[in-house]
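Asks: Each chain, written out:
There are 2 protein chains.
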Amino acid sequence: MSNSTKTGFRSRVLFATRNMNKFKEAFLILSKYNIQLDHLPEDKLEIQSDSLEEIATYAVKELASRYPNRNLLVEDDGLFIEALKGFPGPFSSYVYRTIGLSGILKLMSGRSDRRAYFKSVVAFVSPELGLKVFTGVVSGVIAEQEKGSQGFGYDPIFIPEGSSKTFAEMDIKEKNLYSHRGRAFTKFAEWFRNVMLV
Amino acid sequence: MSNSTKTGFRSRVLFATRNMNKFKEAFLILSKYNIQLDHLPEDKLEIQSDSLEEIATYAVKELASRYPNRNLLVEDDGLFIEALKGFPGPFSSYVYRTIGLSGILKLMSGRSDRRAYFKSVVAFVSPELGLKVFTGVVSGVIAEQEKGSQGFGYDPIFIPEGSSKTFAEMDIKEKNLYSHRGRAFTKFAEWFRNVMLV
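Same order as they appear, the protein sequences are chains A and B. Be aware that the first sequence starts at 856, since it is given in our numbering, and climbs by one per residue. Be aware that the second sequence starts at 856, since it is given in our numbering, and climbs by one per residue.
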């Protein structure tokens, strides 16, 4: 059965990201829902804000002005460390490129409160369906040192609740069971499948 | 002599900032050039970029879409620490609000290379004169501990070249002699006075 025939709108979705790891994680989830995810290797416009929702919403709207008549997705995420007032938060990518994991571990040295959470915001827009935002959160702690070599970004220093391993010690399928991004994309997929099947 | 009479365009300039300290620093400089600076207490749109020039240019253009037919100024600045690959850079304000001065000092503990610079970018736009960008830089070092109580932001931990005092140990007039913001606004003022007098 072709969804596009049945519903009249395209079931293909274009995901704008420069990060192939993110694309692979999302592709794996959406394929379970028979949603075809295409890769748009293009920079999105990111504003400075303490709110990931605001950043992702602005980005997907700006993208829609360049790619009208498409199903568009952007995703933004961040690591929020309680003892550091949410730092690095929405600026996780910049902080990773500058002070890096060793900088985070240095800032956390001597701290007993190591609680942190990853948050992912997926923003979708299409002419037919409008704007929708989906969030996923995973709580955990900052490890005492880097562990594991899989994944990317802060994965080697984040241990999700319910596990004793860092994200970097998990393969992509195990990580997706826990991960904020997995949760946000799963919410999107369930919603999108439903509207496709209406 | 009224410049606006002579040249046909307004000599009043609107500076969009939420930071009254920045406004005072700029006002003091521009008044020496007989430029009337008005305060627009409004948020500017800041994009995420490693380039202050890009951030300020985007912001002043967006502002011009809301305030057409005005002389508009925005300013963005950042502290760039060499040993931290430029961190906190364009995200200095967010980093100040989260890990703060103590976080920076912790990241710098045990480091002998303490070189850093402040950079300020002033972006101007008007219908008559178009877009112009002015930069000011001041080199210095990160202090071993916080000193002084004047100024704002990173002033207590930055010692400019040629001084043994932090910015926070200087009054606003002395700071303006050194400061990146002082230099950028002085460049703007010299240019703007010249075009007013043409």
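Keep in mind that the hints were calculated from the coordinates and are not lab data. Bear in mind the structure is a predicted one, so any value in this text is a computation, not a measurement. Please note that the accuracy of each hint is not assured.
Note that identical chains are pooled: a pair holds if it fits in a single copy or bridges any two copies.
[To be verified] Listed next, the in silico BS3-like pairs over lysine-lysine satisfying Cα-Cα at most 27 angstroms (straight line):
id, residue 1, residue 2
1, Lys1028, Lys961
2, Lys916, Lys1020
3, Lys1042, Lys961
4, Lys877, Lys940
5, Lys940, Lys879
6, Lys1020, Lys940
7, Lys887, Lys940
8, Lys1002, Lys961
9, Lys940, Lys1028
10, Lys916, Lys1028
11, Lys987, Lys1020
12, Lys887, Lys961
13, Lys987, Lys877
14, Lys987, Lys1002
15, Lys1002, Lys940
16, Lys987, Lys961
17, Lys1042, Lys916
18, Lys1002, Lys916
19, Lys961, Lys916
20, Lys1042, Lys1002
21, Lys961, Lys879
Asks: Against the earlier hints, flag every one the structure doesn't satisfy and list their numbers going up.
Replies: 1, 2, 3, 5, 7, 9, 10, 11, 12, 14, 16, 18, 19, 20, 21
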